[in-house]
Structure formats: C-alpha cells, structure tokens
Amino acid sequence: MSFVKGLQCKECKRNYPKEPIHVCEFCFGPLEIVYDYEGIREAVSRDSIEAGPRSIWRYRELLPIDGEPTVGRHVGFTPLLKGVNLGKVLGLTNLYIKNDSVNHPTLSFKDRVVSVAITKAKEFGYETVACASTGNLANSVAAHSAEAGLKSYIFIPSDLESGKILGTLIYGTNLVGVNGNYDDVNRLCSEIAANYRWAFVNITIRPYYGDGSKTFGYEIVEQLGWRAPDHIIVPVAGSSLIIKIWKALKEFEHLGFIDRIKTKIHAAQATGCSPVTTAIKNGVDFIKPVKPHTIAKSIAIGNPADGYYGIKTVVESGGYGEDVSDEEIVEGMKLLARTEGIFTETAGGVTVSVTKKLVEQGRIKRDDLTVISITGNGLKTQEAVENSIGKLTVIEPRIASFQKAFNIKEE
Amino acid sequence: MPVSVRIPSPLMKLTKNQGEVSAEGKDIREVLSDMERQYPGIKERLYDEDGSLRRFINIYKNEEDIRFLNGESTHVQDGDEISIIPAIAGGILLSKNL
Ligand SMILES: Cc1ncc(COP(=O)(O)O)c(C=O)c1O
Ligand SMILES: [Zn+2]
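Protein sequence lines correspond, in order, to chains D and B. Under numbering that gives the first Met the number 0, the residue at position 147 of the first sequence is numbered 146, and the numbers go up by one with no gaps. Under numbering that gives the first Met the number 0, the residue at position 83 of the second sequence is numbered 82, and the numbers go up by one with no gaps.
Check the hints yourself; a few may be wrong.
[As the list claims (entries may be wrong)] Taking lysine-lysine pairs in the DSS-like style, the calculated list, with each CA pair at most 25 Å apart, reads:
#, chain 1, residue 1, chain 2, residue 2
1, D, Lys333, D, Lys311
2, D, Lys12, B, Lys42
3, D, Lys9, B, Lys42
Calculated from the structure, these hints are not laboratory results.
Same shape as in the complex, but just chain D (with noise of 0.2 Å):
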C-alpha cells in the first residue's frame, strides 16, 4: 500500500513516474516525492499513529516506500525530554531536546533517511548502496546495506575523525577516503554515479532519501502533544534534514493533526562553514560555496545541494540563521553533557551554542515553547574535545592517596 503518486520538479512542476532518479532533465531542478493526501487523510489519524510502532514506521503511509520496511525496523522515536538544567543555564523555561544521539543502530538523525533509502533501493532492485558522506551518512549506510545483505560503496573525505573511519569500517564495507573536501567527495560521486547502476542514497534516489527526516518533525509534534513548537533549531549541512522537518510539520498542518503552525525553524552552522546562514544574515537567496574549515565535520558542506530551499524554510517561518566559532561548539558540547547528562557530536555543540545567541538576541523569548535538534553522537567526534575536558586523576589504590589527591578530608 503507497500513497506516492509520483515524483514532481520543484521549480518548474513537470511530472514523473516513480523511479529512482533525482533531476528535472528540463530544468534540471531537484525532484520531490507527491504524495496522495487526501487517501492519506482518510486511512492515517492521530489515534491510528499512536497505534503504531514504536520507529519511525508509525508513519509509513508518509513515507516513500511502496511495501513494508526491509530494513531498520527499530529507527527512530528517540527520546523528546525537557531541558529543564539547560533552559536555567540558556534563559528559557520551556526548553526540550530531540535526542537522536540515541538514534538506533548508528546514532545519529542518519538512520531516519538511510533505512528508507535502503528498503527503496531493495524494492527498486539495486544490488549494490553507495553515497558520499560527511561521516554520520557513512556509518548509516554502512550498517544498514550490511543488514540488508547489499554491497556497499562509501565516500569520505580522508581526514575525518577515527570514530566515524572505525564505526563505518566495522560493518565490511568499501570505504572510500578521497583526498578532498566534502564538496570534491560529492562531485567526484555525483560522476560515478552517472557510470555505476548504484543506488547513491543521497545522489540517485535523493528524494526517497530524503523524506525519511520529515519523521524527525513528525515524532516531535506528537511528542510535545500534537503541537507543533514555537521554535525549532536545527544543524545545516546540505539543508536536507531542515526543509524536511519544515515540510513534516506542514504535511501535519495539511492534514489537519495540528493547528495553524507559527514554528519558527533556525538554522545553526559552524562560522567556518556557514553559506546558509551567512546567506540568511545577508538577506539573500542564493548560497556562494565556501571552503570549510570548522571542527564540526558532519555539517561542513561549503556547496549545500538544497541551500537554496534552506534558506527559503528558515525565512518562510520567520526564523533566522546563526553560527558559531570552534571554541563556541566546545563550549556547546561540554554545557549539554554537563546540565542535561547528553554527550553530543559538534554538531550538537553548534546547535547549542546558536540557540544561547538566539536566545541573546532576542529572537527566542523566555518562555517560548523552544526544541533544540540534536542529532548526533560524541562518542565519534572525541578528538574535538579531547583537550579540553579535564583529566584522569591517578592514584594508589590507598585511601591516603586518595584523600591527598582531592585534598578532602574524611566525614
């Protein structure tokens, strides 16, 4: 049972069938999944989506696949908790946190899109998964083609962080570190593509892929109660996982589960990679590419492939674009893990850190009903604060040595 109708340009509207491609070959705008709301409307409800299970898959008839998932049938409805520690340290007295460090199996929002890339790719009858990956991507595609029994081809840029070489390698499959930046490893793909029957999860089968975020909004509205937030502040690389949690809460809105939104979406970038938001601070519409240089690798993408509509959510819903410097993100990371107990990547510490200067701006009242995004691990990103978290204290295993140690006395 699918409610996908077919796939559609978003610039120039032409129409075409469900198959895996990603381009207009008119206008050579991005192609995006049409769904059929009104059948949607009428066999999907509030009630029957709280019936469902406990993933993702409790929105499926919204989702791109034609049958049951094959694979990662456990991702997702991560933890939505209220930041009461973090909201004291920020300001803000209704704060909550999206939790997808937690995200099942890779630990990160990845797994959302990688599951229904995987089971479109199985139905569409591709034998072997590729994609170009900033390292979350990586991992995700890693172990999901290995749980689906396909071949895999993964591309990195060669310098990123040993957690996430050593958590995509542990699944068996083609690694690929390519002597270049994010935007070299995605040209560079975008070619192969074009000569390989794969199916590049975020190059081929893009708006498949894509769509598998909108349940990061999804789980949020439901999970605050049917209510859809005043703000949502979210990490931009390429702006997939942003339009798409903008187009969740409007598909939400469409079909009448919650009211008139007046969510504000933000988007967070690292100072040494922010062509979307400096864009946004610009008030223009258009990106010019950047070379990163930032530690928080996950989200330095200096060419976003849908900047463009990035920019569009942020300004459509009245919210703003805000970045961060390195020492910001550890800073980010370091006030997470030590109010709300959540070790986060740098990505997480960049979306932490633009929320305080959201909040300093005024932009972000007090009490507005606020949900950061937090979307990866830091458990895969520890060389970004391995120097500046303290260190082991050792000692005799001697109460005197201890005592001495700490210079307290006994009770």
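Got chain D sorted already, so can you dock chain B with the ligands onto it with the hints?
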C-alpha cells in the same frame, strides 16, 4: 566579439552535439540570445517563464559564477570562456542518462 561557451552534455542535443560553441555579445544576456539564434530551443532550457535564469543553471565566466559578478549584465570580451553548468546535488551534472 566571439566568446567560447561550454555546453553541458544534457544540452548538447540542441547544439548539434558540440560541447563548445562560439557566440557573440557584449554581456552574458547578449551571448545567450545569440546562442538562441544559432541553436533555437536552448533559451527555454536556461530561462524560466518569468525570464529569469533558471535556479539550477550556473553560468560561469572564466570559472567565476556570474551571480557574484554582475549577473546577466556581466560584461564579456574576446577570448572569455563561458560555461553553462547544471548544479546538481552540490556537484556538477555529468550524467550520460539525461
Ligand atoms: C550530525 C548531523 N547533523 C546534521 C546534519 C545536517 O544534515 P543536512 O545535510 O540534511 O543539512 C548532518 C549531515 O551530515 C549530520 O551528520
Ligand atoms: Zn524542472
């Protein structure tokens, strides 16, 4: 003033399979009109109904995106190299299938 214009493979059907053609004009707008005169049909691939350059078509003058020069009014002179490059997924479209 002839300049050379590089054509991406998906548009080569319109230029009699030439990957590089020569066209005249004092700015990008004129060069593209001259291309339409020589190769009818190319204009609707580059411009939308409102007459703006399509968003996913990048035009470069000597490796520089004209959005960061003077847009369509970017001046060109003898010997300049113009490239028309579809922007796909942040990369350059090289697909043979299109
Ligand atoms: C942890 C993390 N957060 C956010 C993003 C941004 O995603 P998008 O490329 O969809 O903007 C990425 C992308 O790689 C990521 O790895
Ligand atoms: Zn189109």
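Query raised in the report: Quick check: which numbered hints come out false for this structure?
Result: Per hint list: single violation, 1.
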